[in-house]
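With the hints as extra help, turn the sequences into a complete structure.
Protein sequences appear in the order of chains E and U. Per this note's numbering, the first sequence starts with residue 8, numbered consecutively. Per this note's numbering, the second sequence starts with residue 8, numbered consecutively.
Everything labelled a hint here was simulated from the structure, so no lab data went into it. Please note that a few of the clues may not be correct.
It does not matter which identical chain is meant; a pair holds if it fits inside one copy or across any two.
[Said to hold, decoys possible] Below 35 Å or equal to it, Euclidean Cα-Cα: the simulated DSBU-like pairs (lysine-lysine) are:
no., residue 1, residue 2
1, Lys331, Lys145
2, Lys19, Lys291
3, Lys193, Lys325
4, Lys431, Lys445
5, Lys302, Lys256
6, Lys182, Lys331
7, Lys202, Lys325
8, Lys391, Lys94
9, Lys391, Lys145
10, Lys202, Lys20
Computed from a predicted structure; not experimentally measured.
Number of protein chains: 2
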Amino acid sequence: MSEKENKGITVKKSDNFSEWFTQIIGEQGANLVDIRFGVQGFIVHRPWVMHMLRRIYDYLEEEVEADGHEPMLFPTVILEDNLLEEKEHAGFMPDVFWITKAGSETLEKPIALRPTGETLIYPSYALWVRSISDLPLKGYQSRITVFRNEKATRPFLRGREFMFFETHDVFRNHKGALKQIKTDMKIMDKVVWRKLKVPFIFFRRPQWDKFMGADDTYASDTLNPDGRRNQISSTHDLGTNFAKAFNIKFRDEKGEEQLAYQTCFGPGIWRIMAAIIAIHGDDKGLIVPFDMAPKKVVIVPIYKKEEENEKVREFCRKLEKHLKSFNAHFDDSDHSPGYKFNHWEMMGVPIRLEIGPREVQEDQVTLARRTRKEKEKAKLPFLKKRIKAAGKEIDTDIEKNASSYFKNKTKSTKNYDELKRIIKEFRGFVKTPFCTTKMAGEECADKLKADTQGAYVCGTPFKNPDRPKEGDKCVVCQKPAKSIVYVAKSI
Amino acid sequence: MSEKENKGITVKKSDNFSEWFTQIIGEQGANLVDIRFGVQGFIVHRPWVMHMLRRIYDYLEEEVEADGHEPMLFPTVILEDNLLEEKEHAGFMPDVFWITKAGSETLEKPIALRPTGETLIYPSYALWVRSISDLPLKGYQSRITVFRNEKATRPFLRGREFMFFETHDVFRNHKGALKQIKTDMKIMDKVVWRKLKVPFIFFRRPQWDKFMGADDTYASDTLNPDGRRNQISSTHDLGTNFAKAFNIKFRDEKGEEQLAYQTCFGPGIWRIMAAIIAIHGDDKGLIVPFDMAPKKVVIVPIYKKEEENEKVREFCRKLEKHLKSFNAHFDDSDHSPGYKFNHWEMMGVPIRLEIGPREVQEDQVTLARRTRKEKEKAKLPFLKKRIKAAGKEIDTDIEKNASSYFKNKTKSTKNYDELKRIIKEFRGFVKTPFCTTKMAGEECADKLKADTQGAYVCGTPFKNPDRPKEGDKCVVCQKPAKSIVYVAKSI
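See the structure below:
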């Protein structure tokens, strides 16, 4: 698609994150989406972000297949009866879009657009699982969208149609299910932290905030710069709840019929993209890990005299060809070098090569990294190696920034007034003693939410959770604390 | 997914193609789909076919991107107003599914599930195209599904939800559009013929059978073994019809506003898959090109005595690892070798390696190709090379078979009674003189259809069409023939 007049971002990320985010994803920014589609919460994904979203899908597909999952594709629609089959899960009903007509005819039975995959998939699983030799059954759906009638919508954070990825697994016992949940967490670590450099904490959600129909929900939260938590994945321990509802049973070694145990895992494709934009990006635009960048290298010609022009451009063209494996792009447009620098920094291209008459003469390039100020010279024969090394340096920069950003995002308190003050002023997590994450704690969570204009009990970290000390009391109700929970505002 | 009891196919492809097709895609065959989803025309795609469908998408994405197309993703829904904007295109209305409710609320404006992409995409194109520097604009959507309320449905041939791929291009003039149409045909040749070995003819459709809203439609038809044509792609010359309806205009070099010319290209993902199954497959099951096969090699152990067992299995395990780049699979299940041979032939795995005590002792394998009867021995150090070569041999076999199959599928006649007889008895195309492929010919086409229980005028081949000879008369109305058309029954 063509380059448009680029006004640039007019606010600083640190001053007004929300407006910065809106600008960077729009036409004046990196032109990732078009929100002028005409139906609220339904957006158009433009090429630059499609390349990046595909990368996220690629990484996840590779990992879940290495873990034994097979691809499958179910219809976009669900029968109403199936949606209602698992009683708690039927809580999705208010958010569901209904197809009631075809042409001018009214359908005999209305069908729903899938809000998620469980009730869509499990009737088939009931047919496919017969004996213990069918287990574990591990399938996934990728590159699909789901539909929920959200009230407030925002690109990459909350949509009425949004990008989806889901695994659905069936095991012979609870042990197998729990082991899978740990594997799902490892996949998140491998893809979202190690490759995409997005930091997060895996929480065990409070019982009142589980996925509808699950026994337990494990979800990972990262934080936007405004301190609001962004849930980027969830893994659910479904126990035998759906197996009971959908009759997913197998004959064990003794020939006896057993209910199967299930898990499902959903990394949020949009949410992960939002985190990459929000956490790595700066006031100049996007910053993305090297491997994810749609173009890893941009080549900008710099000449003052007309007679230098053709030599420089010829050199650039050769360079573009030479660096094809990096999707190098020679920007031969009529804009000024300064305009081009700004434009490709906005798009988050990791490496810029500047080529002037001097570079041509000396058979070298001037190399600039998106994450550093200083430039360097690189000789042509070593350029590919140098670019790969610079890519790693950029990834290290992104990882360091993200890591220190996230480390400074947690405070602790045992005092309710201080908690309220921190939530108001500080942008991040607050660790605090809490009565219980069992159902009995919901009342305190509700009060906390009301007293803080929306702070939310994220739960207890899955790994090495802090334990309350002798005498610790719930920050809200002052009863003895059974957990140390994290609290943060939600997006 | 686990291996199920496999009853095998009970009919011959040559005796009853329709039943053979149903069996091969179902659980007793290669288990590609599950049709027990509960809503007519909506099916579940199982892993084996998902791997193959992804390959088709991969090939197409690679080619259209090399041709300058960029990925994009639009919503699944269309506003009614947009669907009605282009008057001829509004003919899609009777086939459209409508979303009228969200939760228990009625939507203010119903929204349609996309039946195709034009009216979904072009309002955005109108915003994106401003000046001549924005052209050509070349975008595509991949790995999506579309929805049409078809009366009769069949997996891979006609569905209410089916897999889709579409490019949408905008040009400054008609010359650019026509050039693109030729490129689209080249892409079909590269992907569908050269890679997937599906033979087809590109037709210029009669004017009465154009895509709704197009000036001209170029579509490629292949033939199922029952002689019914299977349209596997179409490219439309939209002229300025949609540009007028959606106001897609650009300022030319002189600053004057001009209507843009458009094309769109849709290879039918499902239909291509159907053709691969239908044309390459045999009475033993699927046959697929080497690169497309989800597993290229299966390793089957053969031992009679218990004490040979572990040595053979150890050898097989090593072999599976050694051949990982071919997705080799060691079938260590409890079934008999014969059962395993049948099963993997059904799945279309191109190469089978048989390993017995003798092979272990001599450090070699017995290699069988899916397309040939004779087996051969191959020594381990050369095995990878040998497998690659065997892959090419298999592709050559498939290509030769498909080519001779398709060559024998066309007859000619100038006599109406003979035409009717051929259509009834012969399974293929009939070439015949026809009055005209302009609108005036529609009446003859309708009569032909009625007189033959459904034969359809495919149009004239795009490449080297036969010209009527002096005195040739329309086979139906006996007026002077302006075209030699192809006629065939439709699926």
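Hint-by-hint comparison with the structure:
no.: 1; hint: Lys331 <-> Lys145; in the structure: between (38 Å within a copy, 21 Å between copies)
no.: 2; hint: Lys19 <-> Lys291; in the structure: within (9 Å within a copy, 66 Å between copies)
no.: 3; hint: Lys193 <-> Lys325; in the structure: between (43 Å within a copy, 28 Å between copies)
no.: 4; hint: Lys431 <-> Lys445; in the structure: within (26 Å within a copy, 73 Å between copies)
no.: 5; hint: Lys302 <-> Lys256; in the structure: between (49 Å within a copy, 30 Å between copies)
no.: 6; hint: Lys182 <-> Lys331; in the structure: between (48 Å within a copy, 30 Å between copies)
no.: 7; hint: Lys202 <-> Lys325; in the structure: both (31 Å within a copy, 31 Å between copies)
no.: 8; hint: Lys391 <-> Lys94; in the structure: neither (58 Å within a copy, 54 Å between copies)
no.: 9; hint: Lys391 <-> Lys145; in the structure: between (40 Å within a copy, 30 Å between copies)
no.: 10; hint: Lys202 <-> Lys20; in the structure: within (24 Å within a copy, 49 Å between copies)
Against the hints set out earlier in the document, a violation occurs for number 8 only.
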